[in-house]
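K.L.:
Residue strings, one per chain:
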Amino acid sequence: MGDLLSNARSKVLDLQSRDADPAADDTALRRLALWCLRYTPVVMPWSGHGGHSLFLDITGCAHLFGGEPGLLTDLARRLHRFGLHPRLAVADTAGTAWAMARFSLSSTQWSDRIGHQPHPEERAQRASRRVGNRTHATTAGTTDRDYSPSFETPAAPAPQDEVVRGHIIVPPGEQGDALRDLPLAALRLDDEAQATLSRLGFRRIGELMRQPRAPFTARFGTALLTRLDQALGRAPEPLSPLEPPPCYRAHAVFAEAIMTQSHVVEATTRLLHTLIPDLERDAVGVRVLRLMLFRLDGDVLALEIGLAAPSRSVQHIIRLIAMRLERLPMGLEADFGFEAAALHVLTADRITERQATLGIADDAGEPTGLSALIDRLEHRLGAGTVRRLHPRQSYIPERAVVALPAAEHPAADWRHKAPFGTRPPLLLAVPEQTDDDVLASVPDGPPRRFRWRGVQHDVAHVDGPERIAPEWWHPGQDAPERDYYVVEDTAGRRFWLYRAGRYGQGAESPRPVPGPLVVLSGAKDLAVEPSSTTAAGCHSERSEESFGSVRTAQEIPRSARDDSPAPTSSQASPTWFIHGVFP
Amino acid sequence: MARLETSWHGAPPSYLPLGLPEIHRHLSGPGLPCGALHEVLAAAHGDTPASFGFILALMAGAVQARRGPAVLVVSRQAADFGLPYGHGLQAFGLDVGRLLLVRTRAGKDALWAVEEILRSDAGAAVVAGAVESNLDLTMSRRLNLAAATAGTPLLLQRPPSATATSAATTRWRIAAAPASRDRFDAFAHWRWQASLERCRNGRPGHWTLEWDHVAHRLRLAEVVADRTPAAGRRQAVRRAV
Chain A
1 MGDLLSNARS KVLDLQSRDA DPAADDTALR RLALWCLRYT PVVMPWSGHG GHSLFLDITG
61 CAHLFGGEPG LLTDLARRLH RFGLHPRLAV ADTAGTAWAM ARFSLSSTQW SDRIGHQPHP
121 EERAQRASRR VGNRTHATTA GTTDRDYSPS FETPAAPAPQ DEVVRGHIIV PPGEQGDALR
181 DLPLAALRLD DEAQATLSRL GFRRIGELMR QPRAPFTARF GTALLTRLDQ ALGRAPEPLS
241 PLEPPPCYRA HAVFAEAIMT QSHVVEATTR LLHTLIPDLE RDAVGVRVLR LMLFRLDGDV
301 LALEIGLAAP SRSVQHIIRL IAMRLERLPM GLEADFGFEA AALHVLTADR ITERQATLGI
361 ADDAGEPTGL SALIDRLEHR LGAGTVRRLH PRQSYIPERA VVALPAAEHP AADWRHKAPF
421 GTRPPLLLAV PEQTDDDVLA SVPDGPPRRF RWRGVQHDVA HVDGPERIAP EWWHPGQDAP
481 ERDYYVVEDT AGRRFWLYRA GRYGQGAESP RPVPGPLVVL SGAKDLAVEP SSTTAAGCHS
541 ERSEESFGSV RTAQEIPRSA RDDSPAPTSS QASPTWFIHG VFP
Chain B
1 MARLETSWHG APPSYLPLGL PEIHRHLSGP GLPCGALHEV LAAAHGDTPA SFGFILALMA
61 GAVQARRGPA VLVVSRQAAD FGLPYGHGLQ AFGLDVGRLL LVRTRAGKDA LWAVEEILRS
121 DAGAAVVAGA VESNLDLTMS RRLNLAAATA GTPLLLQRPP SATATSAATT RWRIAAAPAS
181 RDRFDAFAHW RWQASLERCR NGRPGHWTLE WDHVAHRLRL AEVVADRTPA AGRRQAVRRA
241 V
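Chain order of the listed sequences is A and B.
Going by the working numbering, the first sequence wraps up at 583, each residue one higher than the last.
Going by the working numbering, the second sequence wraps up at 241, each residue one higher than the last.
Quick caveat, the hints were computed from the structure, so don't treat them as lab data.
Here a beta-carbon is modelled for each residue, glycine too, at the ideal position from N, C-alpha and C.
Don't take each hint at face value.
Far from chain B, by Cβ distances over 10 Å, these chain A residues were calculated [claimed, not checked]:
(1) W35
(2) P171
(3) I468
(4) P583
Interface residues of chain B toward chain A, partial, derived using beta-carbon atoms under 8 Å [stated by the list, open to error]:
(5) G53
(6) A91
(7) F92
(8) L99
(9) D121
(10) A122
(11) G123
(12) P178
(13) A179
(14) D182
(15) R183
(16) F187
(17) C199
Kindly generate the complete structure, drawing on both the sequences and the hints.
P.N.:
In structure tokens, the structure reads:
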């Protein structure tokens with residue numbers, strides 16, 4: 001303790017260190033406090049001075065677990081199963097329980113840290129657990145019986161019997177005796193008061209108890225004596241209990257089993273009506289809802305209904321449920337009927353109230369009815385039916401637009417997103433290859449005649465080309481570059497078609513070799529372009545390619561294209577694809 | 001007559017102006033009536049993109065004139081020529097940020113979705129559907145009624161074979177036409193052959209329309225004045241080659 005990390009590392013070889021994360025500690029403590037609600041309705045997490053603790057008010061609860069020892073044993077066992085090593089104490093007051101859990105006998109570290117010898121008569125044990133240099137202590141308190149588990153760093157798993165044995169139960173009314181020999185730190189004082197008291201020669205609580213009270217109040221204010229009084233039970237210490245997160249559930253048991261869908265919908269409507277006031281009170285709406293129908297033979301039919309936007313409208317939710325019931329593949333399957341139904345709100349989101357009754361849409365031009373519409377469409381036609389188009393940063397046309405589900409993604413801003421060239425309003429999902437060879441007047445030139453889907457088109461006018469090279473920063477970078485043309489045939493129909501690769505570099509010709517480039521001996525002065533360089537890319541061949549030469553693969557030295565498959569034929573005309581149509 | 005037809009549900013008849021007095025003269029009012037079903041047919045299967053373009057042009061006008069999102073329902077079969085593409089729609093002049101795309105498997109689902117949207121209080125500016133499935137008279141009446149109740153224009157793209165009677169207020173047949181070119185001989189504006197085949201309280205007509213994607217409006221193509229020099233120039237180029 002108290003060492004620098006480097007010193008500690010020199011002492012312990014395999015020391016593991018983590019950065020302290022107080023927020024995560026608090027969250028974990030809160031979760032544990034929620035779990036502790038199984039013992040008592042009043043649980044208070046304490047993460048103030050002196051580490052993390054939990055106070056449990058077990059007044060009137062202990063007998064449910066076989067008395068205080070039984071409750072402690074049960075709690076210790078369960079926490080031990082979580083990998084925690086709690087120090088538990090039960091006392092009349094929260095302060096005493098905290099003090100006993102933290103500063104009681106069997107700790108050896110205690111004397112090192114605080115510099116005091118514990119009194120041998122203290123009946124207490126502590127199982128200590130330390131992570132980094134943070135400590136968690138859990139203390140449970142009651143107004144008349146107090147109870148405190150306290151976890152700290154799991155150094156080594158304690159044996160089971162020690163875990164079970166290791167708690168303190170202070171008998172009623174004996175707080176004074178229990179606290180007498182504990183150090184002053186057990187009073188949950190701030191550092192300054194502790195330091196002053198130790199300068200004045202006070203070490204233990206007992207010494208403080210014997211002193212007259214007036215000078216202390218004058219010197220330290222009321223805080224010190226209030227803590228003492230609270231620990232001794234002379235002053236009340238109210239616990240502010242943890243509010244469990246709201247849970248919206250409703251269930252109903254039917255006198256007669258229901259079988260038809262209309263009855264199920266009716267029952268669900270009633271259940272939902274009971275939930276709505278709670279949702280309204282908390283200003284939240286349903287996002288995810290689960291309807292469970294319990295069949296007479298023990299089967300449970302569970303339906304989950306998700307909404308695009310939080311809603312409290314019974315009519316809307318019931319419509320979605322009815323739609324979902326209609327879409328069940330096997331029907332309702334109510335063989336013997338359903339005897340009970342339960343409705344759980346799994347996710348509830350805050351609804352921002354706004355005045356929409358005037359029938360005026362907001363600035364985005366989208367009235368509130370839209371999300372309800374999206375819900376209905378998606379529940380009937382399947383998720384992802386309703387989409388919005390969103391632009392993406394890409395040069396490849398099919399990558400430049402994505403259709404995202406409208407329920408989750410608000411409208412995109414399309415201004416200033418226009419690409420350089422002409423784009424068609426209708427784009428084929430997959431570019432379709434033309435039926436046979438495209439007739440072009442010159443190689444690498446615009447098409448003159450092509451056949452697509454069995455129809456021959458004579459080209460009357462061409463705009464283009466627009467060359468789009470593959471994006472080398474994406475996979476598939478060795479795809480051939482595309483030359484796009486806007487083409488109008490003699491009937492006035494307009495197409496967007498492209499030639500994959502250049503002449504002599506078609507689909508059956510060697511593709512550009514990915515990976516390290518092999519520079520040929522005669523081409524040292526070649527400026528290497530990553531997107532278009534094939535292994536055969538020397539100057540002379542390139543210039544010939546543009547004139548439509550069919551010699552590509554044959555002349556390449558075999559060693560230079562070891563990765564690429566050998567060409568099967570000498571046919572080297574490029575492939576043409578239709579990618580879209582213009583109106 | 002028009003007032004009698006549309007005022008029974010209590011809402012004042014409003015119109016989606018096309019900005020073309022020549023066409024307005026054939027219609028029942030100053031534009032396409034809102035709250036009504038309008039069918040757009042392709043002249044042939046290959047003209048489906050052209051008919052889609054005409055719907056997009058009407059949608060762009062409606063989005064500008066009215067509040068709320070534009071909803072486009074596409075069934076899988078009707079997406080034969082591809083799905084709407086954001087950058088292309090934006091370049092066309094439609095505000096993609098206000099577009100909702102509903103994709104359904106079957107045409108029946110698409111029709112259901114269209115009716116659901118019209119009957120909801122989502123306040124759509126315009127609802128358009130590309131539906132291949134059979135639209136019988138009953139269904140078209142339902143849709144027309146839903147559109148009338150909502151006061152929302154409903155545009156349905158139909159296959160070229162859909163000649164059955166329907167309750168649509170107007171029926172357009174669209175064919176592709178050669179686009180106009182600018183002085184650099186590049187494509188300037190898309191053009192379509194649009195014929196108004198059926199129009200309640202109106203009379204049919206035939207026009208060559210041109211979509212101005214900058215001004216977001218349709219206009220009549222000056223066919224004779226524009227085509228001849230362009231064709232002549234192309235002849236000259238050919239001779240030079």
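K.L.:
So, for every hint listed, does it hold in this structure?
P.N.:
Now for the hints, and whether the structure bears them out:
no.: 1; hint: W35; verdict: 44 Å, holds
no.: 2; hint: P171; verdict: 69 Å, holds
no.: 3; hint: I468; verdict: 13 Å, holds
no.: 4; hint: P583; verdict: 2 Å, violated
no.: 5; hint: G53; verdict: 2 Å, holds
no.: 6; hint: A91; verdict: 6 Å, holds
no.: 7; hint: F92; verdict: 5 Å, holds
no.: 8; hint: L99; verdict: 6 Å, holds
no.: 9; hint: D121; verdict: 4 Å, holds
no.: 10; hint: A122; verdict: 4 Å, holds
no.: 11; hint: G123; verdict: 5 Å, holds
no.: 12; hint: P178; verdict: 5 Å, holds
no.: 13; hint: A179; verdict: 6 Å, holds
no.: 14; hint: D182; verdict: 10 Å, violated
no.: 15; hint: R183; verdict: 14 Å, violated
no.: 16; hint: F187; verdict: 5 Å, holds
no.: 17; hint: C199; verdict: 22 Å, violated
Hint compliance for this structure: hints 4, 14, 15, 17 are not met, and every other hint is.
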